[in-house]
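**Q** From first to last, the protein sequence lines stand for chains A and B.
Anchor point for the first sequence: position 303 equals 303 in our numbering, and the numbering is continuous, going up by one each time.
Anchor point for the second sequence: position 152 equals 152 in our numbering, and the numbering is continuous, going up by one each time.
Treat the hints loosely; a few may be bogus.
Claimed, not checked - DSS-like cross-link-like pairs, simulated, lysine-lysine; straight-line CA separation at most 27 Å:
1. A:Lys268 x A:Lys330
2. A:Lys313 x B:Lys233
3. A:Lys424 x A:Lys268
4. B:Lys233 x A:Lys330
5. A:Lys313 x A:Lys424
6. A:Lys313 x A:Lys330
I should point out that these hints are in silico values taken from the structure, not numbers from a laboratory.
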Amino acid sequence: MAEGVVSEAAAALVELRDATKSYGAVRALRDGNLALRPGEVRALVGENGAGKSTLVKVLGGVVRRDSGDMLVDGQSVDFHSPHDARDAGIAVIYQEPTLFPDLSIAENVVMGYHPLGSFKRIDRGAMNGQVQGLLDRLGVKLDPERPVRGLSIADQQIVEIAKALSFDARVLIMDEPTAALSGAEVERLFAVVRTLREHGAAVLFISHRLEEVFTICDTVTVMRDGAVVQDARIADMTPDEMVRRMVGRELSTLFPKQDTAIGAPVLKVHRLTCEGVFVDISFSVHAGEIVALAGLVGAGRSEVARAIFGIDKPDAGHVEIDGRRLPAGKPLTAMRAGIGFVPEDRRQQGLVMDLSIARNATMTRMRALSRLGIIGSGAENRLAREWATRLRLKFHRLENPVRFLSGGNQQKVVLAKWLATEPKVLILDEPTRGIDVGTKAEVHRLMSELASHGLAVLMISSELPEVLGMADRVLVMHEGRLTAELSRADADEESVIRAATGHVGEVAA
Amino acid sequence: MQPDTAASASTAATPGTTDAPAQRLADRARAAVGRWEALLVALILATFIFGQSVSSEFLSADSFTTGSLDLSEVALMALALTLVIVAAEIDLSVASVLALSSALMAALWNQGLPLEFIMPICLVAGALCGAFNGWLVTGLGLPSLAVTIGTLALFRGLAYVVIGDESVTDFPATWTDRGFGNFAGTFVPNTMVLFAILAVAFGVLLHATPFGRSVYAIGANEEAAHFAGLRVKRVKMTLFVLAGTVAALAGIVISLRNSTAAANVGLGFELTAITAVLLGGVSIFGGRGTIVGVILALFLLGAIQKAILLSETISSYWVQIVTGALLVGSVLGPNLAARVTEARRRRPPQRPKEGPR
Ligand SMILES: Nc1ncnc2c1ncn2[C@@H]1O[C@H](COP(=O)(O)OP(=O)(O)OP(=O)(O)O)[C@@H](O)[C@H]1O
Ligand SMILES: [Mg+2]
Numbered sequence: 001m002a003e004g005v006v007s008e009a010a011a012a013l014v015e016l017r018d019a020t021k022s023y024g025a026v027r028a029l030r031d032g033n034l035a036l037r038p039g040e041v042r043a044l045v046g047e048n049g050a051g052k053s054t055l056v057k058v059l060g061g062v063v064r065r066d067s068g069d070m071l072v073d074g075q076s077v078d079f080h081s082p083h084d085a086r087d088a089g090i091a092v093i094y095q096e097p098t099l100f101p102d103l104s105i106a107e108n109v110v111m112g113y114h115p116l117g118s119f120k121r122i123d124r125g126a127m128n129g130q131v132q133g134l135l136d137r138l139g140v141k142l143d144p145e146r147p148v149r150g151l152s153i154a155d156q157q158i159v160e161i162a163k164a165l166s167f168d169a170r171v172l173i174m175d176e177p178t179a180a181l182s183g184a185e186v187e188r189l190f191a192v193v194r195t196l197r198e199h200g201a202a203v204l205f206i207s208h209r210l211e212e213v214f215t216i217c218d219t220v221t222v223m224r225d226g227a228v229v230q231d232a233r234i235a236d237m238t239p240d241e242m243v244r245r246m247v248g249r250e251l252s253t254l255f256p257k258q259d260t261a262i263g264a265p266v267l268k269v270h271r272l273t274c275e276g277v278f279v280d281i282s283f284s285v286h287a288g289e290i291v292a293l294a295g296l297v298g299a300g301r302s303e304v305a306r307a308i309f310g311i312d313k314p315d316a317g318h319v320e321i322d323g324r325r326l327p328a329g330k331p332l333t334a335m336r337a338g339i340g341f342v343p344e345d346r347r348q349q350g351l352v353m354d355l356s357i358a359r360n361a362t363m364t365r366m367r368a369l370s371r372l373g374i375i376g377s378g379a380e381n382r383l384a385r386e387w388a389t390r391l392r393l394k395f396h397r398l399e400n401p402v403r404f405l406s407g408g409n410q411q412k413v414v415l416a417k418w419l420a421t422e423p424k425v426l427i428l429d430e431p432t433r434g435i436d437v438g439t440k441a442e443v444h445r446l447m448s449e450l451a452s453h454g455l456a457v458l459m460i461s462s463e464l465p466e467v468l469g470m471a472d473r474v475l476v477m478h479e480g481r482l483t484a485e486l487s488r489a490d491a492d493e494e495s496v497i498r499a500a501t502g503h504v505g506e507v508a509a
Numbered sequence: 001m002q003p004d005t006a007a008s009a010s011t012a013a014t015p016g017t018t019d020a021p022a023q024r025l026a027d028r029a030r031a032a033v034g035r036w037e038a039l040l041v042a043l044i045l046a047t048f049i050f051g052q053s054v055s056s057e058f059l060s061a062d063s064f065t066t067g068s069l070d071l072s073e074v075a076l077m078a079l080a081l082t083l084v085i086v087a088a089e090i091d092l093s094v095a096s097v098l099a100l101s102s103a104l105m106a107a108l109w110n111q112g113l114p115l116e117f118i119m120p121i122c123l124v125a126g127a128l129c130g131a132f133n134g135w136l137v138t139g140l141g142l143p144s145l146a147v148t149i150g151t152l153a154l155f156r157g158l159a160y161v162v163i164g165d166e167s168v169t170d171f172p173a174t175w176t177d178r179g180f181g182n183f184a185g186t187f188v189p190n191t192m193v194l195f196a197i198l199a200v201a202f203g204v205l206l207h208a209t210p211f212g213r214s215v216y217a218i219g220a221n222e223e224a225a226h227f228a229g230l231r232v233k234r235v236k237m238t239l240f241v242l243a244g245t246v247a248a249l250a251g252i253v254i255s256l257r258n259s260t261a262a263a264n265v266g267l268g269f270e271l272t273a274i275t276a277v278l279l280g281g282v283s284i285f286g287g288r289g290t291i292v293g294v295i296l297a298l299f300l301l302g303a304i305q306k307a308i309l310l311s312e313t314i315s316s317y318w319v320q321i322v323t324g325a326l327l328v329g330s331v332l333g334p335n336l337a338a339r340v341t342e343a344r345r346r347r348p349p350q351r352p353k354e355g356p357r
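Same shape as in the complex, but just chain B (with noise of 0.2 Å):
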């Protein structure tokens, strides 16, 4: 029930040599049905009755604002996440770059230097963290799980030498509403905008573009993708760049967003980043995904989220433990679904007889 490795929604059929036509279009009506991201949109669906149910505010312009841009750090990370673990790689240490991004933010404006100068350079930092991620993956050949567990306790350690326990809550409100506020009078947040343009261009990086082919083929197969002259080592390393950089980006959007900038920003939210990712179809094995199915994650995730904040008698735990849960069963269900499809391979001839045994 794993989508398939890409966009393969491509419109050009390929005539078969042994089926006829008809056959053909059940199989992709099939396939099409059976894919993860009709799931998700049910499950979604699923949701805004459920949550129409608790709250009518639930359906509502204003929740939409509110909720979305309660995940927009989460979002703009899991975009280049998604790639990672196509790769079949991993970087836990998203958020502690986050919080570094958004500590030395502080700590540039207490030495008084124009935000316009300070958000480039917090865009670098992020970049040179995951150029370090990448350096000990590719240069060192350790595995990128150890690596990040390792970093992630770094960064936010450096997070802290930078800025210390302060907080800084004096960024100009011309900035501040920018993060905070909604697009020329619409309802959809800034930070929604910013988040559409990089799953564009994630989303066509990874579907339409000689290195988003590099990045399936590696991660399905490093061996075979380097006997074909891939660059598999460039390629991982620009990822966790990317990877570094957009967690960079989210320390800036956070930081504006609240109004607050300090070390201690971005708690947990690689986890679910990295929920959103397998949730929305890509294999923790690599090679296997679509931003597409992210994005559908991150929509339910939030929907999700508002729902129970909005209900008066579920307790906001029920966020964690219904995440959790979504977790697992996005785990478990593509394999589930693969051992029902293999039991029904495997059903007895149609006219079964008595064995010997």
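The shape of chain A in the complex, shown without the other chains (with noise of 0.2 Å):
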């Protein structure tokens, strides 16, 4: 755990006091009391729609406080826009990446301060250089050079962290950069914390995962319902006293699966095949069964997941369902035949941001919606409504664009889009990304509840105690192959890590 080197009498390097923010009728801030400190890591913790991002927003200029004041290095300050942030030596990370897919990673992480050759031309030989370095040192193999689109979200964060590395910043704010990331780049990303903390950094970290929080951080501010309610030195908490704070009552954090009978065989993939993505991947999934397929970011899951659903079309193998086989490519028949499928990227495939909650949710049951062709708000909205409130999603009204929800509340509403379909076989592409710890426990409860009764679950997960709590069976990919397959007595930390860095050979060493 991190010893406090922070002295409550070093003057904060930013602070917020009494700051408030709404959006409407939506009081996202309240009270904004928060002051960063020369060497200091503070955590920021709080439910979906505590008001984390907002709180983060304002300090990174991006929108405007109603009132209170903003302070950097005891004077207050106003930020027009992201770029005083900026030049206030404030780096942000925000929540959803905000890259140019048309651009090359380098051109995205230098964005807007371009090194110069002569004539003010960019100099693309320094540029690249520069980027390459900064990937290094977070430890991930990315080509500089190539374009940003079709990255995986992972490697969007990625760019994302090292943009806010390129420049010297005094205080880097991050909301939720580990939420896509697996183990091993969280490493990475904590040695870089690490090293601006000894040069005397301020960092804001946000995240759902509290042991990271315990791991990396000195202190903590809690939040609930728009408001600050506490500000403390980690370790004087611990994680049972963090969530009570966060949600305001007891709450059990950690819901393993419940054992239940396994049923015969729903999901079959036969020698799936994807050239250059992965190979030959065989593997079945169990009626009641919660299949987890864990591997470090890029190890291909995602594409087998899109492949089984008729996203992608396979070079070679296929799918079958209930012992009847799928055609390739075609995700309403996949859909028809019973798998949901909960896609990684909510912003771009899982939801369609401009349309309402309600349209959102019900996207997926439009035709049982309708009576003789004709669909009736009221039908959607009872929809919606239903499964808003048994995931317990946080909102204004069903008829507000998805785009105004937190980060966590709209992958519930991903979520509710899927359930709402009954599926015999549910993908879940990380289902508890950027989910905070109570709502976690729900889906997870969910979880457990639908394999109880048949439901087929293949789950995609890069949190490893999600992995070993909620799994029969852990498949491990690395690089395109299933590298080892583990039973849930024999699944731990170390088995899975092994098999997802590639030493098949020593799992059973």
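Both chains come to you apart, so use the hints to assemble them.
**A** Next comes the structure, spelled out in structure tokens:
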């Protein structure tokens, strides 16, 4: 656990005092009180919709606070744009990647601050070299010259981190940077954070994974319903205490899967191959079973899921549901056969951001909701409300666009949309990414309950505790191949990590 | 200021989690007043006042009849185009399909076929033209803007191949009367009754069916629609076929109404139709807009045209100038409104203090 390096006396680099921010009738931020001191890594925790991202956006100059004060080095300031924040030495990684898909990774990283050569030309060599250095520091193999389009969510997140590190920030603010990352990448990020701390920078770190908070942070700010409710040293806190502050009541955070009778195989994947992405993937998932697909970022797990659902056409192999072979590349047929698919990128693939909560949640059920071909908003709203209640969605009105929901609540709408189809097989790509502890337990409970009613679940997760807690069986992928299949009893941190990093032979040892 | 994604005037109020009923009511009132449709109604009223001041004939049954007749074909095509544009595609070839339909009518009539037989053939030809557009867009993955600029020339060219410079004017009076006449002794032209029927049909299709829901989803985020199991290509294909069919219908209407079928009819109509759609609050980027808005926009355009034509002092060139200005305004307006809102949102905190810079 981190030692308290922070002295209360040190002047804050940035400070918010009684900041407020409302979106229409929604008071997203009420008592925004927060100070970041040199050499401090501060956690910001709270439930989905508690106002964490709003506070971050105020600090980053993206939104303007309605009232309250912001101080940089003790001086009152007003940021008019993100540019102002950057000039004040504040780097922010926002929750949702905001990259230009058609530009290269390097161009995205240095956007607006290109290294210039003679005659103010952009010095491409210097730019690529500089970005390569940053990527190396984060320990990822990415080519700075490749375009961002097509990068996985995790890689996009890495690019965002590189962007924030590309200038000498005194204050680094990270809004759920680890949500899409697996253990290895998180470790690298933490190494970078520790270096920054040693150099006297202040870091604000948001995460729903409490074990990360306890690993890297010195202090913690807890938010609930838009207000800061506690400011404490990590050393004085326990995880249970922290959760109690966040949700305002007792809550068990872990929900391991119940044992249920495993039935007949429902989903069978037979020698699925997609050249250059994954090779010869075969496995099956039985009724009532939760199978986790573990591995490092970039191992090809999401691509396998997409091929099963028919988004991509595989080069070879096929998929069977209840012994019946599915045609390749036909999502609607897969859906009708009983597959549900929660994709990894909720903004691009999971949701239509401009459409309402109700429309999104019922998009997969439109035909069932219509009478004589006519669909009423009453029926739509009823179904949406039912799932909103079951998933404890925090929303203003069902008619509002989903884009106004907080990140975690958006994820719940994606879940609702697929759970509403009552699928036989549910493929979940990072189902709890960005979801808070309470809801995560709720989602896990729901998964377990659905499995006990005979649902077959294939879950891709980069979060090891989730994999170990929920899975009856763990499949591990490494560089496009299945490298291990571990029963619940055999799966532990070590065996999964070994297989994920390609040390297959050593698993048995 | 763009209209909501659809007929969001749903009655089922959702209990919010945070706000009081009064606040909710205020929100709604603000939303209703701020809506694009309200602005259109205001503009229509303004045009009425202006029209009446220009000529006492303006607010008469007769000027409604003639004014709406002039806009019949554009109005029909605008309905189908609304769906195409909500799906974030475009079809610039509709007026050429209209001409091809008219030319086909003329040629087949010259061959001695009866009109009852010719008209279904024209509709099928229109559907085929639409399917060709749809195939180029969904099958080959070409952008609809480029595709339909091409077929705009292609279909018009075909129309000239079919009938040349000729025109046919000897259609039977029973049919031309139907095209030109009013409905059962009222002052409402038959073509407007046809428009009303189609408007209801398209309104229901867009706002109250799974198909319409898919159109919005595809227009707003095609990838997410695909991931939700919606048949993106099939929906788009259907939209192009609909647009082609309705354009062919408009070709029949214009031929009967003017008792003239030729290859040069309806030049530039596609632009007026698109003007009406955009003016009606449909986003050129897709995903937003309502049929009601487009109907109001058509009404506004018709009223402006009529007022200017009735005026003795204002040259009829002004029709084009005003229409063009409205189109620019309809695209600019929502943008400006968004900026104003943004500026207000970003206004400084209530207790501004002197910053270091
Ligand atoms: N642009 C917006 N318009 C309207 N409401 C908004 C907007 N942005 C956020 N909100 C609302 O403000 C509240 C706080 O949102 P915020 O994104 O700050 O939550 P968060 O703590 O970051 O949650 P999460 O853990 O899910 O990311 C939520 O109720 C959300 O619905
Ligand atoms: Mg957030």
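**Q** For every hint, state whether the structure bears it out.
**A** So, going through the hints one by one against the coordinates:
1. With a C-alpha separation of about 17 Å, the suggested pairing of A:Lys268 with A:Lys330 holds against the 27 Å cut-off.
2. The straight-line distance between the Cα atoms of A:Lys313 and B:Lys233 is roughly 16 Å, inside the 27 Å bound, and the hint therefore holds.
3. For a cut-off of 27 Å, the pair hint linking A:Lys424 to A:Lys268 stands: about 13 Å separates their Cα positions.
4. For the proposed pair B:Lys233 and A:Lys330, the alpha carbon gap of about 12 Å is at most 27 Å, so the pair holds.
5. The straight-line distance between the Cα atoms of A:Lys313 and A:Lys424 is roughly 22 Å, inside the 27 Å bound, and the hint therefore holds.
6. The hinted pair formed by A:Lys313 and A:Lys330 meets the criterion: a straight-line CA distance of about 8 Å does not exceed 27 Å.
Every hint from the earlier list agrees with this structure, and none is contradicted.
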